[in-house]
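Q: As a plain string of letters, each chain reads:
Number of protein chains: 2
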Amino acid sequence: MRAPDDLRALVEERLATLSLLPELHGQADSVRYALTGGGKRVRPVICLATGEAAGASVETVMPAALGLELIHAFSLVHDDLPSLDNDEERRGQPSTWAKYGEAVAVLAGDALFGEALRLALSYPTPHVARELTDATLGMIGGQYLDITATQPDMATLHRLKTGCLFGASVGMALWAAGVPEAEQGPWRGFGAELGLLFQVVDDILDGDGYVLTDGLDGARGIADESADRAQAALAQVTADTSVLAGIVESLRSRTI
Amino acid sequence: MRAPDDLRALVEERLATLSLLPELHGQADSVRYALTGGGKRVRPVICLATGEAAGASVETVMPAALGLELIHAFSLVHDDLPSLDNDEERRGQPSTWAKYGEAVAVLAGDALFGEALRLALSYPTPHVARELTDATLGMIGGQYLDITATQPDMATLHRLKTGCLFGASVGMALWAAGVPEAEQGPWRGFGAELGLLFQVVDDILDGDGYVLTDGLDGARGIADESADRAQAALAQVTADTSVLAGIVESLRSRTI
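Chains as they are written, first to last, in my numbering: chain W, 1 to 256; chain B, 1 to 256.
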C-alpha cells in the first residue's frame with residue numbers, strides 16, 4: 001500500500017497528462033490551467049487510499065479519484081467568478097476568470113464537470129458516476145445556501161459544501177473496488193467524518209467559521225471528536241486501514 | 001406509436017413535476033424556472049419517438065429524454081449570462097440570471113447539468129449517460145468556438161453547438177431501448193442530420209447564419225438535402241419509422 005505522498009504524486013502526474021475530449025478545442029487550455037495550479041489533492045488521495053485498502057489497484061481507482069479532483073476544480077472555477085466570490089487569485093496565481101475572462105471560465109467549469117463525469121463513467125457500473133453526481137448536486141446546494149445566506153444551520157451548510165465530496169471520495173472508491181453495498185457501512189461512517197474534520201481544521205487555521213461560533217478550544221474539540229469517530233469507524237472495517245488512519249491523523253494535525 | 005404533439009405534452013407534464021434532489025434546497029426554484037418557461041422540446045420528442053420506433057415504451061425512454069432537455073436548458077441558462085450572450089429575455093420572460101441574479105444562475109446551470117446526469121444515470125447501463133456527457137462536452141466546445149470566434153468553419157461550429165445534442169437524442173434512445181451497437185448505424189445516420197437540418201431552418205427563419213453565407217435559396221437547398229439524407233437513413237432502419245419521418249418533414253417545413 002502506498003503512502004499518501006506517493007498517491008499525491010501519481011495524481012499530479014495523471015492530471016498533468018489528462019486526456020480531454022478533442023471536441024473541446026481551445027477550451028481545453030483553461031481546463032488544464034484550472035487543474036494544474038496546485039492544491040492538496042486530498043480528495044483523490046483519500047479515494048485512492050480507500051480503494052487500495054479495499055483491495056483494488058491504484059489504476060482501477062484512478063479515474064474515480066481524478067473525477068473527484070475535476071469536480072473540486074469545477075467548483076473553485078465557478079466560485080471564483082465575479083458574480084460569486086469575486087476572487088482574482090487562487091493559490092497565488094490569477095484565478096481562471098482573471099486569466100481567461102469570465103465567459104471562458106463559465107465554460108471551463110462546465111467542461112470540468114463534463115470531463116469529471118466522463119472519468120466516472122469509464123466504469124462498467126453506473127454507481128461510481130451516480131455517487132459523484134449526487135455529491136456534486138449536494139455541493140451546489142451548499143454553495144447556494146452559502147451565497148444566499150439561507151442555510152438552516154452551519155452543520156447543514158458544511159455537510160453539503162464540503163462533506164458531500166469527501167464522502168464521495170470514499171463511496172466512489174468502494175464502488176470502483178467492487179465492495180458490495182452491504183459491506184460499505186463502516187467505510188462510509190469513516191467517509192462521513194472527513195468533510196467535517198477538514199472544514200473545522202480549515203477554520204482553525206484561518207481563524208473563522210467554527211472558531212467564531214465555538215471558540216478556538218471548542219473548534220479543536222469538534223475536530224478531535226470527528227477524527228476519533230473516523231478512527232472508530234475505520235476500526236470496524238475488516239481490512240488494513242493503516243494508511244487511512246494516517247490520513248485522519250494528518251487531517252487532524254495539519255498546519256497548512 | 002404516439003404523435004409528436006402527444007409526446008411533447010408528456011414531456012411538459014414530466015418537466016413540471018420533475019423530482020429534484022432535496023439537497024439543492026432553494027436552488028431548486030431557479031432550476032424549475034429555467035425548465036418550465038416553454039420551448040419546442042424538440043430533442044426529447046425526437047428521443048421518445050426514436051425509442052418507440054425501436055420498440056421501447058415511452059416510460060423506459062423518458063429519463064433519457066428529460067435529461068436531454070435539462071442539458072439544453074443548462075446551455076441556455078449559461079449562454080444567457082451577462083459575460084456570454086448577455087440576454088435579459090428568453091421566450092418573452094426574464095432569463096434566469098435576470099430573474100434570480102447572476103450567481104444563482106451560474107449555479108442553476110450547474111444544477112441542471114447534474115440533474116440531467118442523474119436522469120441519464122437511472123439506467124442500469126452507463127451508455128446512456130456516456131452519450132449525454134460526450135454530447136454535452138461537444139456542445140461546450142462549440143460554445144467556446146462561438147464566443148471566441150475561433151471556429152475552423154461553420155460546419156464544425158454547428159456540428160458541435162447543435163448537432164451533438166440532436167445526435168444524442170437518437171443515440172440515448174437507442175441505448176435506453178437496448179438496440180445493440182452493431183444495429184445502431186442507420187439510426188445514427190438519421191440522428192447526424194437533425195442538428196444541421198434544425199440549424200439551417202433556424203437560420204432561414206431568422207435570416208442569418210447560412211442565409212448570409214449561402215443565400216436564401218442556397219440555405220433552402222442545404223436544408224432539403226439534409227432532410228432527404230435523414231429520410232434515406234430512416235429507410236434503411238428495419239422498424240416503423242413513420243413518426244420519425246414525420247418529424248423530419250416538420251423540421252424541414254417549420255415556420256416557427
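It cannot be assumed that every hint is accurate.
Said to hold, decoys possible - Label-pair distances were calculated between CB atoms; the ranges are:
| id | chain 1 | residue 1 | chain 2 | residue 2 | range |
| --- | --- | --- | --- | --- | --- |
| 1 | B | Asp153 | W | Thr125 | 35 to 45 Å |
| 2 | B | Asp206 | W | Thr255 | 55 to 65 Å |
| 3 | W | Thr156 | B | Glu225 | 48 to 58 Å |
| 4 | W | Ala9 | B | Asn86 | 55 to 65 Å |
| 5 | W | Met154 | B | Glu88 | 33 to 43 Å |
| 6 | B | Asp208 | W | Glu89 | 51 to 61 Å |
| 7 | B | Ser57 | W | Ala182 | 51 to 61 Å |
| 8 | W | Glu88 | B | Glu88 | 22 to 32 Å |
| 9 | B | Glu88 | W | Ser242 | 52 to 62 Å |
| 10 | W | Thr125 | B | Glu225 | 56 to 66 Å |
| 11 | W | Pro22 | B | Gly38 | 26 to 36 Å |
To be verified - From the structure, some residues in chain W lie toward chain B, with a derived Cβ separation under 10 Å:
| id | residue |
| --- | --- |
| 12 | Pro94 |
| 13 | Ala98 |
| 14 | Gln231 |
No lab work stands behind these hints, which were simulated from the structure alone. Every residue gets a Cβ at the ideal spot worked out from N, C-alpha and C, and that includes glycine.
Q: Now tell me, hint by hint, if it's right for this structure.
A: Here is how each hint holds up against the structure:
1. B/Asp153 - W/Thr125: 35 to 45 Å: Holds, since B/Asp153 and W/Thr125 (Cβ atoms, about 40 Å apart) stay within the stated range.
2. B/Asp206 - W/Thr255: 55 to 65 Å: holds, 60 Å
3. W/Thr156 - B/Glu225: 48 to 58 Å: holds, 57 Å
4. W/Ala9 - B/Asn86: 55 to 65 Å: violated, 44 Å
5. W/Met154 - B/Glu88: 33 to 43 Å: Taking Cβ atoms as reference, W/Met154 and B/Glu88 lie about 36 Å apart, which means the hint holds.
6. B/Asp208 - W/Glu89: 51 to 61 Å: Roughly 40 Å apart at Cβ, these two residues miss the hinted range, so it is violated.
7. B/Ser57 - W/Ala182: 51 to 61 Å: violated, 32 Å
8. W/Glu88 - B/Glu88: 22 to 32 Å: holds, 26 Å
9. B/Glu88 - W/Ser242: 52 to 62 Å: Since the Cβ atoms of B/Glu88 and W/Ser242 sit about 58 Å apart, the hinted range of 52 to 62 Å holds.
10. W/Thr125 - B/Glu225: 56 to 66 Å: violated, 43 Å
11. W/Pro22 - B/Gly38: 26 to 36 Å: Between W/Pro22 and B/Gly38, where Cβ atoms are some 35 Å apart, the hint holds.
12. Pro94: violated, 16 Å
13. Ala98: violated, 13 Å
14. Gln231: For W/Gln231, the interface hint is violated, since the closest Cβ of chain B sits about 27 Å away, which is over 10 Å.
The structure does not agree with the numbered hints 4, 6, 7, 10, 12, 13, 14 stated previously, though it agrees with the rest.
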